[in-house]
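Each protein sequence line maps, in turn, to chains W and V. This note's numbering numbers the first residue of the first sequence as 1 and each following residue consecutively. This note's numbering numbers the first residue of the second sequence as 1001 and each following residue consecutively.
These aren't lab readings, by the way, just hints derived from the structure by calculation. Some clues are possibly wrong.
[Claimed, not checked] One-sided excerpt, in silico: chain V residues whose CB lies under 10 Å from chain W: (1) Q1098; (2) S1193; (3) C1286.
[Unchecked claim] If you want the ones that stay clear, here's a sample from chain V, every Cβ over 12 Å from chain W, calculated: (4) P1042; (5) R1045; (6) R1061; (7) I1084; (8) R1154; (9) T1165; (10) L1182; (11) V1194; (12) Y1249; (13) P1262; (14) I1276; (15) T1282; (16) V1316.
The beta carbon of each residue, even a glycine, is placed where N, CA and C say it ideally should be.
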Amino acid sequence: MALASRPAQRAFLGSGQLGFGACGIPRREAYEWGVRSTRKPEPPPLDRVYEIPGLEPITYAGKMHFVPGLARPVFPPWDRGWKHPRYHRSPPIHEQPLYKEEPCYIFHQRCRLLEGVKQALWLTKTKLIEGLPEKVSSLVDEQQNHIENQDERVLNIISHARLWHSMEDIPKRETYCPIIVDSLLQLCKSQILKYPSVARRICAKNHSLSAAWTRESVLLQVRGTSGIRLSAKDPLPPIASREEVEATRNHVLETFYPISPTIDLQECHVYDLKDDTGFQEGYPYPYPHTLYLMETADLQPHRFHPEQLRAKMILFAFGSALAQARLLYGDSKVLEQPIVVQSVGTDGRVFQFLVLQLNTTDLASNEGIKNLVWVDSDQLLYRHFWCRPVIKKKVVVEPVGPVDFQPETFRKFLALYLH
Amino acid sequence: MKMAAARCWKLVSRGRGLSLHTAAEAASTATESTSTDVATTPVARYPPIVASLTAKSKAARLRRVERWQATVHAAQSVDEKLRILTKMQFMKYMVYPQTFALNADRWYQGFTKTVYLSGLPSPPVEPEAPLDLGALRDAACDSLLQEHFYLRRRRRAPLREEPETVVSPFLDQLVVALMGLLSPQNPVLASASVDFKRPVHFYWLRGEEIIPGGHRSGRIDAVRYQIDDKPNNQIRIPKQLPEFVPLDYSVPVEIPVMKCKPDKLPLFKRQYENSIFIGSKTADPCCYGHTQFHLLPDKLKREKLLKQNRADQIEVVFRANAIASLFAWTGAQAMYQGFWSEADVTRPFVSQGVITDGKYFSFFCYQLNTLALTAQADQNNPRKNVCWGTQSKPLYETIEGNNVKGFNDDVLLQMVHFLLNKPREDRPQVLES
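So that you can see chain V by itself, here it is in the shape it has in the complex (with noise of 0.2 Å):
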């Protein structure tokens, strides 16, 4: 009777060690579980039988990445988190959120699982407090007048130097003063961290291919991304923005899907040091993104594009910006409180983003949904992030002088309402929920 068990036992374990140890762990797990009540099926007298850890087999790899994301997973702190996933450097593709490349914006959408919708979600209701328009447009007006024609500056910039040297401070002035200004009606505000030309940095894996050349050629690798942004000025608060939509909301709209290599764009790859960075380290206590300003550099401007005869790039550079910005900032943000790819978010992280050019404003609002981007993760992920923008509107027509021209209060009001945007304690109890 023992022998002839004993027989059984080892040719079954010499057959299909996988399915045993799968059958062994769940019998270990099922008894563990029901330990506690019935004690009825033995517990088992052997170690679990998995796959070796040091082989050249798929399994043994499988079983090394479940040893590896079990360590990510026990890391005590944040810091220790980060530095596991970030600690071994690869050949990663550089993704600039602000390129030149011919509709970068379907590419970064599919890069960072993320869906666009024109127009910008509807805000929440809730009683107006009374704006004092003339003040801000006053306030916004002198920014650009002193930068623009007051301050006289020791050396007259060149043309294509106007960005760094004329619009980047008109910006920083512009933030400061509007945040001055509406404190009072957002009190967060006023605990915010306003950060001036800081960078944010994001690591992130997505889809796999098939290595073309090299030692390793034939296998299959993970593809890396890394995001090096440098916003003008950001804003980060110490408690989180509401959600736009619930976590699971699913968008009617597809992802676009891009039928070449990322290097058809064109991306190039580099291997260099991963970073994952909101602005500042993780000790701070401001750790949640509010809005981030960024200013297009001078070769994508306007009249160059118009130039070159890409009218309808425009846009797409707005919006590629924007997509890649906002994504690499709020999954920072995300890594920050210690979600990864395999271990998701559990509540959405928001974050709004103005893109300028110093005349033409566009506002874009992205609520992260998910993190699991990794081949592994994706599975069954039914979950995409969503990007809400609109188009590109001029906050003037001119400047003559001392005067301004036009002055487009829309966009004003779109900034300010950007701005009173608060975490929902912040918020008056509407009375109906």
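Pulled out of the complex, with its shape left as it was, chain W reads as follows (with noise of 0.2 Å):
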């Protein structure tokens, strides 16, 4: 796609200067491109002589100033002579180091799919069960599970969460719903006294992941940074017996012809092939427990529709099981001991839960086993919040708090942190 010269280039953009990430042309200054009055002089062309080839142009460069019959001298652009970070301009993609000719296509935190959890099933070779397994949902019912006044206890921290953690009237999405994963695990957290094995974990923010696979010739990564990590000294057993493994042989994946499953993925020449779980080598805490995904944005149009943050948790959790798998067991191979990850999406109101087991990191072809992921989709933990009373008629109608608060969402995310 040859466009024409840039200035043409930000004609086409428009007048409004949408900043470097937007369209990849460096934004100018307001000297350089702005109001007509303050606007830098365009370069005078070159001179005649320059397009011919062969002839030597014969410039007033010596006489260092202004001749009438003598060409305008070219001078190389300069060179500070050493790098200044502020002033760094990158090689053109085709020079960089990390150029290579097959495209590579990640998947990072804001990657939206068009075909949600049914595109991420095909990228990660998995078979989708409804609803969580049989383990987890027996933690859900045990009653010696609960806490003590557990549904007034999430009561509170929804409260807390919702209305009270701020001074202002009605707090954002961005505050409150890390607010409330936060305290949701800080209750799960004191249940120490009845499961010791809880202490034998550890939160961490900020962790970056990368895990690299191929699926039908086409190079696929996941790379990124999100949400809260939980990690745990002992990995999770399988859940999945071997012979229902064995069984997802005859199983196959659905396909969206004529959509391409790489749609909505990034298109990279510049990319590292690396498998990296976020942590360095003798991490006491190497088993990735649960991953907590968050939907913070306070504007509807920038969240993720539940599809599409369900398909991100799938991607997420599959890409540090196999990071996990690939320290653990090198390269592609269908695994003995199945790595399990589970995962936790929300936006503060609605909640998704997810394990995903990794049966094989053989994933380039189609046949063959195929990793497992039960999904429990759209767990509401309430339907709706009043931060201010609603009165008609000076009566009140609805008062401040929940409505419609369901007790088994809690439990669910109980019995994921538990397992």
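Mind docking these for me? Both chains are given alone in their own frames, and the hints should help you get the complex.
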């Protein structure tokens, strides 16, 4: 796609300054591009002499001043002599050291997949099972797992996150979503008396994950830093038995022709194929237990749809499981001991729960054993929260507080934590 | 007889109105109190003679102030009380707990009527449950190493942003881990609420000054202060911590009196919203404070102070931060319970604080005995607030690779003791009391 010269590119984009990230053209200061009265004058065009090949132009460079008959000298661009971090110009893509001919499709934390869960399942060679596995559901129903005053405390947590924690009348999602997740984790952690294994876990934020694999000769990568990762000292035991794992051999992955499975993934020619769990070697909590992903954007169009959030959860859980598998077992094969990673995604009100079992790292072909994922989607913790009481004709119709609280969702959250 | 009585009536009333007013009030109150048993003294047959409400006089101003104070006393809910106390905005000093000002802790002691005692108060005698120090040390070292070494972040943060990117998550992790490990022994921690970087605000009046200029120049005006603090973490509990010393404990140490105006500190005035906030609104059941954890910013770190030849200010920074933050927090807690300067606290409010810059930790305990700091309320107030504190000690010597060298158990033990502090109801009853 050969665009015209730079002025034409900028004219095409319009008068608004879109910034570097949006169009790839660096933003120019007002002196160069802005108000007409302050704009830098265009450099004069080169002399005709330079267009004739084989002719050596005689310039006034040596004379150090303008001479009417001689050509205007062209000097090489000024070289500072040392690298200044503010004025660094990246080399063009073809000359970057990590440039490769074959493109790699990278999934990062803001990728919104068009086909949602179906696309995520195809990319990770996974079979979907609706509902949480029995091991986790049994933990949900077990009475002894319940914390005392559980419902009351969860209601307090909801009110604290949605209303009490800030001085504003109606706190924004960017603040209340992380507070809800942190408080629920804190509540779950108080179960340390009944479950001493809870002490062998640690939370980490800002970790950067990267995992790379091939699917039908297409290079894929998951990269990014997203949410909270709960790591444990002991691995999660596999959920599906060997027979169930073998049974997935017959499962056929759903394709969505004519849409390419790499739609909405970022196509990159400059990439580095590496598998990085996000932690150095010798980390005392090497096994990823649960990933908590949060959708905190205030505006509805900026937030992920539940389908897209579930796809993101599948891919990130898969990425961390794959990085762990490559670390433990090396490359491409069916795993003896499947790796299980859980994930919880939320926007502060609706929760999505996910358990992924990585059975194989042999992902290039569509045949063979598939990985398994159990998804429990769209669990409301509460339907709505009134920050101000609804008063009609001087009677309080709806008091301040959550509406339609569902304790089942927190029980599932707790079960996933205690698993 | 009647005429004569009426004449001296008028003479007396035109003379000293104020004294009659007080006399009449005294008479009326006396009659109210004794009317039930003895009906000898007649009820006053005229309305009480009081100063005007709208006149341009000191008595009128006093009456308006009393009327305002009566509205606060009569307010039904705490929110309403706080609203009436904070709704009028005037110029006030902004007190920053983390400040580079020289000898700020002495100034802050004056502003908050706090006595500073070095050394922590002796813990109450109670049977010590065995502590698994190894597990606690492992948890602390794990959090430390995770943030400093193991976690591979996307962008290597520059050194000047190290507190926010490295030490702050470490503190969060440490608090959560220690709370988890200690909750079997201290059940209040299981029902506590942890706040991460939530604001704490407090607004109070102390002392008086003469307004230097403007249309009100020459008049006496109260001095207003506001603290807007953001501790890294704080733990709030539903029940109150027990007091360290009795409410009217008289400390022999004097509060330093500064001879200059607060402007010399430097302290600047601004007019903005007066807010009183403990970290969550009044409806929250966890309305009492337990411990706050503060992180010193990069510009107040030790190396910088040493380079500026201010080695003695290192401890001052810790102390000033503790006094200001803990006073603000305990004051706000007291106001959430309905106390204010005219309705002084009937029980002391106690909180603890840990101030750190990532490596050096210092521990502080604060007991709020009095909120009556305004000129009017402080006239006969012998109570003082007390702050106990330690010197800053390092938690570890260095971190080399995945090894923490020179881990100091005392600092960890002190933090553990702080976290094990529990309300009086939860304490095992000591036999002799």
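Q. Out of the numbered hints, which ones does the structure contradict?
A. Those not satisfied are hints 1, 8, 9, 10, 11, 14 and 15.
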